[in-house]
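Chains as they are written, first to last, in our numbering: chain A, 1 to 340; chain B, 1 to 623.
Any given hint could be a false lead.
To be verified - DSBU-like mimics (lysine-lysine), calculated; alpha carbons at most 30 angstroms apart, straight line: (1) B/Lys195 / A/Lys322; (2) B/Lys195 / A/Lys321; (3) B/Lys278 / A/Lys322; (4) A/Lys321 / B/Lys278.
For the record, the hints were derived by calculation from the structure and aren't laboratory data.
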Amino acid sequence: MTSTAVPITTKKDWSSDQEIRWCPGCGDYSILTALQMLLPELGVRREKTVFVSGIGCASRFPYYMNTYGLHSIHGRAPAIATGLAVTRPDLDVWVICGDGDALSIGGNHLIHALRRNVNLNILMFNNQIYGLTKGQYSPTSEEGKVTKSTPFGSIDHPFNPISLAIGAEATFVARTHDMDRKHMQEMFGRAHQHDGSSFVEVYQNCNVFNDGAFSAITGKDVRSTMLIELHNGEPIRFGADLERGVVQLPDGRLEIVSVADVGTDALLIHDEHRDEPGLAFALSRLSNGVHEPTPIGIFRDVVRGEYGAEMQAQVDLEQEKKGTGDLAALFRSATTWTVD
Amino acid sequence: MPTERPTEKIGGVVVRFAGDSGDGMQLTGDRFTSVSAVLGNDLATFPDYPAEIRAPAGSLAGVSAFQVQISDHEISTHGDTPNVLVAMNPAGLKANIAVMERGATLIVNSDAFDERSLAKAGYAVDPLTDNSLSEFAVYKVPMTSITQEACKEAGVKPRDAERSKNFFALGLVSWIYTRPTDTTLAWIEERFGSKPQIADANRRAFRAGYDFGETAELFDSRYEISAAAFREGEYINIPGNTSLAWGLIAAARQADLPLFLGSYPITPASDILHELSKRKEFGVKTFQAEDEISGIGAALGAAFGGSLAVTTTSGPGLDLKSETLGLAVSLELPLIIVDVQRAGPSTGLPTKVEQSDLLQAIHGRHGESPVPVVAATTPSQCFDAAIEAARIAVTYRTPVILLSDAYLANGSEPWLIPDVASLPPIEANFASATNATNAEGQPEFLPYVRDDETLARPWAPPGLAGLEHRIGGLEKAENTGSVSYDGANHERMTLLRAARINGIADSYPATLVDDPSGEASLVVVGWGSTYGAINAGVERVRELGRHVAHIQLMHLNPLPNDLGSLLAGYEHVLVPELNLGQLCSILRSKYLVDAKALGKMQGNPFRPAEIEDAILEHLGGAS
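With the rest of the complex left out, here is chain B (with noise of 0.2 angstroms):
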């Protein structure tokens, strides 16, 4: 009888899983994440994969990793540094000790510390035997044999078995950590019903590592994560692709208008293309383009047509897109175009964030051409941030650029769920009859004249008799958007056209700002997924007595009408952004502050330390 081992109670932990591309390690973070969740912890998670699908096995650049962080607290990112490193084989332990704090668990499948696989890691001695892990607490667990034992009598082959090893670790994991079994053992039937054979090995492989720690002995304690004290209401965990279409088919729902999406595939967007494809009972039309400036244009087509139209991409595509947005600018028509940053230049690193499309996404185009500028900040944020770029687009007749990343895109947290009813409202409001009259006093529809107050012109898409217009890319005489080659007409056009952007700062709620004791001399301004990573080194800074103000902002263009007389307020301005400053230029420049940029360009998000320690430099003295 293995004897039961004694729980400990603690306020949350970070788990890393890490393996080969083809061990399944997303998969086994993701069914960790949903059952944690299920148990009401906070959390957020971190897929961390490579641009190649399977790089060579076994290879350090074939390492995938999924971290995921659970508490009995809030939490606003995916921690710091890892408690717990699972490693698959030599290369997740290689590619990730670095990260690992002196004392952290290393659970790794011992059987996959052969020669070659350690040769192929770069390990001229097995690190597991040198002596060189001291300073961690290791447990060598033979995970390929025991569930290839298991599996067995489940009638797969050894090879087939083998495959399963990574549910042998989430079970071993779940048991450590005391997490329940029949979420994951009834999602394996959900998943894998339709072959019986490839469910009962995963159900095996599973069990038997949860088994494994209860008679091993191997370990000294489980331990428990009590539930995080959330809002009432009911939660789903949601990646921030997913909020994002979501987003989108609310907005058009409130709008009450056909979502068509014109797309071309691109990492780390694709996953809205494919969730959109799914959703065709909303009335979801989805194309998948020949290139990038199709999609767009095709995007363009549907919202001349009177769609909700959006396109979705990255950086690249964005670049190919800046020639036909620069036509919707001219159009004034609503459009989303969704930004899925990810680093650059180039191909740069196509599955890692960045945040440095926001100059380009702010005046990547030729002439004077102003475009409304939203970034999300977390992943469920996504979902809200959808709905206010359509808002914006619709509402004053242009298109937006909706500014996601590569952090927001595969990470999740928990989403508490909105009731539909309490969703915003949207109007469309398509002009329905003539707006002049012309020299013979008959009746005549001008295209291009402007809302008192929004200055948006009527949307007018065909099928009305008596509307029909002509419309380009060439300027229009103000009012009647006739051809026009008149200076004197550019002129107003272009400053109709930056007020009419300029003024939807004035639709915006007040900024909030985060300066509980109102005290703090430094702001920390942020924009976009920097959020839980800021929001985490404030609280760190305030917990060492301290006083600092944190600002995120969601809206890059227009910045909001207060911003200005806010950052006034402070005696410093720090700025962490996932590029090398351009928000922090913007910010001097428009508001003649003396802001200091703090710069990250590594492929990874902000650790809340990085955070604390800039604060901490900027207000001198000992922490």
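In isolation and in its complexed conformation, chain A is listed as follows (with noise of 0.2 angstroms):
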């Protein structure tokens, strides 16, 4: 086996030669900087990165990578991505995917994906809109949200996509924003470290169609007091002195309180490797919507066996026991007879 260095890259080697289509403002520009700028910095090969994506403008993300790239069907993502990831261990595999993308057409693929523990990174872009097919409400979008399938309003229950993630049993959960690209980097990188399904919902604006929806806790004049960043081992505080922290009651509620009430001692430290996902799944409900004080950071990073490696040790130990399959002996595994 030959070993040689990876290469060094910069951003320009990780951008392909096609025109970026989004529309000028978008947030998915900065999603796409980020990566770009993060990959040469996790020592990864071009050649050995595949990014996989549904319908949709996020979906549009691999042809703007100079890497392999699978531009798929509404939806099927995770579905495909996990058969390339099962058969090539040796990959890392990105899933780009939107909230209708991934909550609405492809809710199912995305929770088997996450439960079985494949090795994805995936990556789903929040805008709480349908973009491409111009302004119609989506899984995640808020109730009584007006858009063009919902002039009265909509009556749809929107989904939290980090519970659905953490009670889809994955792994790896973290939200992080547009707004920010050390964070986006850090939780990207966090992501593709993790052995199994990493699952980062990205609040991203859309400026045409949802522009605004997640300003009132990502604008850079609220972000202190309306984000709360997760820091692992640390108490649970925000504010622009730190004034406020998360609390657990008795009954097991989370509750957001002064510290200066409360002292620090009281505050519940972050423990994201913490197996019982019940902790993480409260943090997750700490806020009703993207105008309450919102945590991002990475919720959850626990261990489990990943799904590829198992189905790999299961043919190795086969092989292992019985060599490496022999037709003439398959076709004689049942009685046979000789006619002379």
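Taking the hints as your guide, dock the two standalone chains into a single complex.
In structure tokens:
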């Protein structure tokens, strides 16, 4: 086996020659840049990197990456990527999807990929709207939302993607947003590092059909008071002077309090490696929408057997016991008889 | 001392075992088949069972049957009408008596003909006593009570002993047809060895059945069926689903590709998933997906990654897969979609045969979306059909639909085990280098540059530096594969995709025409699993001194290049299909021939007599 050093690359090496066709000002640009700048730092090879996407604005992503790429079918990217990842464990497989793509038409594939813990980095760009079909409400749109298909306001109760992922037995669940490249890169890097399915929700602004959907929490001036950054092993607190924090009540619920009122020791210590998912789930329910203080960061990062590796292990074990398969013996694996 | 019964030589027999779903009829039939195979008889089987695992005991809906024809000469079907019916209960008798010919032998478990069971089967009067079966040779055998008596010493409870009565039936029929006992006894040991009490009970029941024939003096004679004149070689009795699975394993081996199956359980295709799941030593990876869509999706992902990728399903699943099939057409990647057809529409008759997915296979996608279609013709030929599907998929970089059906899936026949060295090679021929130069004079890789001969594009799984490329479901510019919304390019790409698939016919061998006299005015054109029945029907017509030709198609899309001129050589074209005339309509529109459809949609294969009658009717004149 020859081992050669991974070539040093820059953002330019990871950018394809294709003209980018997202609307000017779209949040997708900053996510693309974040990833194109991060990948050279991860020590990975372009030829071993594959981006698989579904259909929607976000799903055009693979065309702009100078790697192998597959722009597939609405909602099906996790299924298609599963087949690729389990047969090619040598590859880094990224799944790029949107909220309609992953949670509506592809909801089934997403939850099953997560529960199986296939080695995929799933980045879900959540803009709470259908953009490519020009502005219908999505499964993450808030109740009452007025869109072309909900002129009287949406009566659909939305999914909370983080709760959904935790409920689907995901082993890595994180949230970030398109206004903070450094935070995105940290989340994407950790997702890449994780062995198994990683799910990252990215709040992404659609400046044409749902402009400012997240500005109440991600705007530079409000971030410190509206985003609750999760840090492993540290008390959960936020605010310009970290004056607010999260405590767990005796009945299990989480509540935002004033640190001055309860004292630092009363604050909940964030443990992303906690096997029991209840606290991570409770954190995902802390905010009722993107107008309230909302946690970002890694909700959950636990170890469980990776699906492709376990599939390979069964093959290896059988080959160890029986050799690499003998067709002539297979054809005689039931009673045979000979005609002379 | 019982008298020694004379042994009469016969050419063959058709036996049908029928009983409740829980009576073990499939196993009994399968064992009778196996022991006959070892004796060198030719054989063909037809398992015929309900969709429910256990319909209400004793009901007509719960009847499970297994029919086998064994013969001293070559046969191609499970037989027109059974000569012998073994009925384990009144429902088994009632559900099958209509297909029995006058004079046939009925062996019935008389213990099961109590008032309750008769009522469940809808008999107002016991048919064993009301003279309604006077046209048949009826043997009333108290199978349950003798089995229970015989199993007493095995130490099993009477209720468990009763469950061994199918082995009693097997023993009795084995005695009548002079089948050796050692093969069955060895099998019982192998199968039930870990449960010695059950093994003992089954052994005792089997012996009791065999001895009953010997001692009861109910049967006047025994029968012998000599070995058929097979080609020299080693044989195995193989059902279609197994043979298809082995064909996929062999194809992967021949192409030197890892085999990947993405599948969702569905009757009657699941046995392919089961078989491949067992064969991990061949490097086979099987993935039981969350749904049919994910089954083909994962397979397509594996194909992109360089596996020989397969998904298996039946009609309702093919509906769901059509979206991803369309993407595979656009991506031009090798993929095999196995459709084990069953009667539709919707859930239809899940365990019963039909050939009604042909038009869906050829046309069932949006857009101009050509897909090659291959159909298996017999249970053992599923092996060759799988290899052929893989050859086309890999050579032409295309999804291929391989059609089997419920009859082939479960039916079995002897298979002459091929020499592994004689299997045809398949060349994966991955892209290994750049294939173009860009405007700056740098080497580059264009994913849609085509091979001059096959029009196939390069297959470049991720991993090679310099060959990075992006593909998707949007229309692609010729050669570069970049997204293109240009109308003229779209038309060129549509024509190229069609030409590539049509060109596959150039790789077929000449179409086989069975027309021994060369004087036939009528050709019967069949496809897929009707092969056996058409073959037998055609033979019968020839025995009457009439001339008839037979073509059985394995390639349904594209059709063979020589088919049009072959059909033009006959005055009449008759197309028997288990549908309303799907191939017939294609032949009529493509070749402008006055082809006539012979349809059947009863969940059963054609009987040779039905083919014979239709041919004679078209030929005209008395037979």
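For a C-alpha distance cap of 30 angstroms, please report whether B/Lys195 and A/Lys322 respect it. Holds, because 26 angstroms separates the two Cα atoms, which is no more than 30 angstroms.
Assess, step by step, whether the Cα of B/Lys195 is no farther than 30 angstroms from the Cα of A/Lys321, and give holds or violated. holds, 26 angstroms
Holds or violated: B/Lys278 with A/Lys322, Cα cutoff 30 angstroms? holds, 12 angstroms
For the pair supplied as a hint, A/Lys321 and B/Lys278, is the alpha-carbon distance within the 30 angstroms limit? This hinted pair holds, its Cα atoms lying about 13 angstroms apart.
Hint compliance for this structure: every hint is met.
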